[in-house]
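> Below are the chains, spelled out letter by letter.
There are 2 protein chains.
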Amino acid sequence: MVHTTQCCILMGCLCLFYPWSQVCEWREPEELAALLDLELRENGEPQHQLLQRIRDVAKYSVKTNHPRFFNQLFAGVDYHALTGRFLTEALNTSQYTYEVAPVFVLMEDEVLSKLRSLVGWAEGDGIFCPGGTMSNMYAMNVARYRAFPEVKLKGMWSLPRLAVFTSQQSHYSVMKAAAFQGIGTENVFKNLSLQQVEMQGHLSLPLFTYQGAVPFFVHATSGTTVQGAFDPLEPIADICDRQGLWMHVDAAWGGSVLFSKEHKHLMRGVERADSVTWNPHKMMLTGLQCSAILLKDTTHLLKHCHSADAKYLFQQDKFYDTSLDTGDKSIQCGRKVDCLKLWLMWKAVGSKGLEERVDRAFTHTRYLVEEMQRREGFELIGKPLFVNVCFWFIPPSLRGKENSPDYNDRLSKVAPVIKERMMKQGTMMLGYQPQGGRVNFFRMIVISPQLSHQDMTFCLNEIERLGNDL
Amino acid sequence: MVHTTQCCILMGCLCLFYPWSQVCEWREPEELAALLDLELRENGEPQHQLLQRIRDVAKYSVKTNHPRFFNQLFAGVDYHALTGRFLTEALNTSQYTYEVAPVFVLMEDEVLSKLRSLVGWAEGDGIFCPGGTMSNMYAMNVARYRAFPEVKLKGMWSLPRLAVFTSQQSHYSVMKAAAFQGIGTENVFKNLSLQQVEMQGHLSLPLFTYQGAVPFFVHATSGTTVQGAFDPLEPIADICDRQGLWMHVDAAWGGSVLFSKEHKHLMRGVERADSVTWNPHKMMLTGLQCSAILLKDTTHLLKHCHSADAKYLFQQDKFYDTSLDTGDKSIQCGRKVDCLKLWLMWKAVGSKGLEERVDRAFTHTRYLVEEMQRREGFELIGKPLFVNVCFWFIPPSLRGKENSPDYNDRLSKVAPVIKERMMKQGTMMLGYQPQGGRVNFFRMIVISPQLSHQDMTFCLNEIERLGNDL
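If you read the protein sequences in the order shown, they are chains A and B. FYI, the numbering for the first sequence is 64 to 533, going by our numbering. FYI, the numbering for the second sequence is 64 to 533, going by our numbering.
No lab work stands behind these hints: they were computed from the structure. Careful: at least some of the hints might be erroneous.
Derived CB-CB ranges, DEER-like [stated by the list, open to error]:
| hint | chain 1 | residue 1 | chain 2 | residue 2 | range |
| --- | --- | --- | --- | --- | --- |
| 1 | A | Gln379 | B | Asp119 | 25 to 35 Å |
| 2 | B | Pro512 | A | Phe382 | 22 to 32 Å |
| 3 | B | Leu98 | A | Arg437 | 25 to 35 Å |
| 4 | B | Gln110 | A | Arg438 | 40 to 50 Å |
| 5 | A | Pro479 | B | Leu98 | 49 to 59 Å |
| 6 | B | Leu387 | A | Leu387 | 37 to 47 Å |
| 7 | B | Pro479 | A | Gln513 | 47 to 57 Å |
| 8 | A | Asp532 | B | His363 | 49 to 59 Å |
Just so we're clear, the structure is a prediction, and the values are computed from it rather than from any experiment. The beta-carbon is built from N, C-alpha and C at its ideal position, and this holds for glycine as well.
Can you build the whole structure from these sequences, using the hints too?
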């Protein structure tokens, strides 16, 4: 069996290097389901059929490592990180104890410590989580526990109503966290600036009340999802300091600017935060999932907040220092190893290599913006501060018609049609969305190191080709 | 670059097939940290050094696929599943939309549907989660939402105090979930049987109060962590029916008995549950992480409970049926693809092959128990119903001394010493823990298909060798 399955494994690897010309091979769901023959049956299948299934899975999956995949906040591939991922899978262990994950417990500690040092902290705490939403949830939970430790035992009924502050553009995980943790989405205040809160709130340190609720958590963003905006962290930190609020920075997307001497100013003041979410699986290309929650705390808040002291796993009479076991820090029990891919890539290219990657993405973005400005029909939504390029494509029929009453209505239909055409032809992928008062506009994410000027030019030409008749 | 990194990847794969003789190569943390040279530096390293690092990571990691690894609720390796994991990593996408994960959205649906059919449901809902604790948390959250939908907006302050019921032996994730979701661990009642609750509670359907709190969630277990016990589901379902309580079955560990015609009776009544947690990464060997939360619900509770309607990701004017997008069902945003490894393995061996695997584990367990009964010094803690074999090793110096006052104290020190010795010699790994009034006893988990009678005999001989002088 091993022989043939080894073939399978190699086949799996080779999928990656196969010269896919298309970013995707669109099929309608019904057609795709039939092509894949997904049904699971009583009997197994012969090897040649399994190999064909592997080929089909690869063929009809989106090639997110294709240089013309601009659709999400991840893209491209780093082969060292991929090696780390394969090795992680081959070694299949859980990150909870030194006993079953000696290498990875030490490695996670080193990687987290290095990420913290980029934030500006000489010490602190942290853990890898299954995605940025979970990291943000960890932050909100630990913040609540710091303010009201009795919540762990007694639940929310022992607490006053709580309030969370964030911006209109923050990630929807704030709402999900508030709902999941029993705080309620109505207690997330998104429409006001913190300065306003401070003026309106009844100041009674350490916690004041706002609309009858007690604020405890401020969720700032470094790198918003759509536009890549950065909240000004210094003034937010001033207010959090004065009011004793937990300051969390959701840098899931933007955090990687901390690698760059040229661009880290975007997160000036981050060292004053209490916690930071940072997803190396986005701009750093480690591959999903790789998300860290970093804490400034040195009092083991994370452990106190999440511990359940399971004796079957975390025996206190073990023959090694059980403070190395991380299981009581996490809310999960079994926890996937997410540090190796980042560690191996970092070892391979060094902090310098990662810095270059960040700087290159900014350079690419500038090039793309200049190209757009040179062309009629591309209308930028603000000048990008980061690597999100947001723009409308205005087809010839709409140019100069900004004042006609159906302009917005017609413009809103342009991006969806172009998107449908690019996917059905498989030539590239980028996303679109409406936001605030703005009708559907494209968001193009420029991070892949496999990206060339040619790819970006192709993309603009292709938008024109697909949209000029609209 | 691709050439050398391809070498890296192959190296990563080969680690798995290298004939490791030891289960682990124990090093003290300080020594291991020095050996691995974990520090991340400014500059990258040459390829030959990276290859050495990969070898070191593999060398000092625990070989969880070694047949003598009996330490956790996972073990062994299935090469088809591993192929699926490599392919998942190579294709690196997120499970949230049909747009970027067409194959995996359809595949997840098929796998979940097949798992549900084993539970006994012709329809329903579900999703893969990052581990069993998260699956259990999903269940508790959806149950709370069904009983009190206003919780999503208004938080817990709009609700009466809630009560959760579970057994003393249930997994600690119940406590973690109650703490994280703002219910509080004191509102988890573990010390009483549901029948008692029903007798003491003031019955006022659909929800009664118990000690001033409103029960809403019963967390039953199929396959407890330490002893592998199964709660009787039928009587629990009767009470949940009468009282309108959400019945959740945590079958993270035991769920795989549903593949077996011979053993599925252990979960008789599971089809009456509202939700089931099932981790194929345990007994089914898919590799971490692979955990499903299955729901009987057909009213889209999961989506209503967790949706945040993020417009940038889940545009309603997409050109395909957006009901396929799963992102509003999950609490995570980006979500790792966890279905392919299970699907590919299932395709390869069929339901029949998976059934054989389960049955074989039971047969191995019987063999091991008989071997123990034949030997002086092995004292079983109950007859295993499942594949957890719990026992004390009584060294010669303690045999026949059950009545001496320091017996328990001395016995409690036996397992930790044997554990230390086996790990330092790297010959095998199994776990131990105290539980209730019982001092430290071993728990040996017998699931790996790579396991032979010889391995089990070796294990017993080795315990005698390492512990006879104690």
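> Compare the structure with the hints numbered earlier in the document and write down the numbers of the violated ones, lowest to highest.
3, 8
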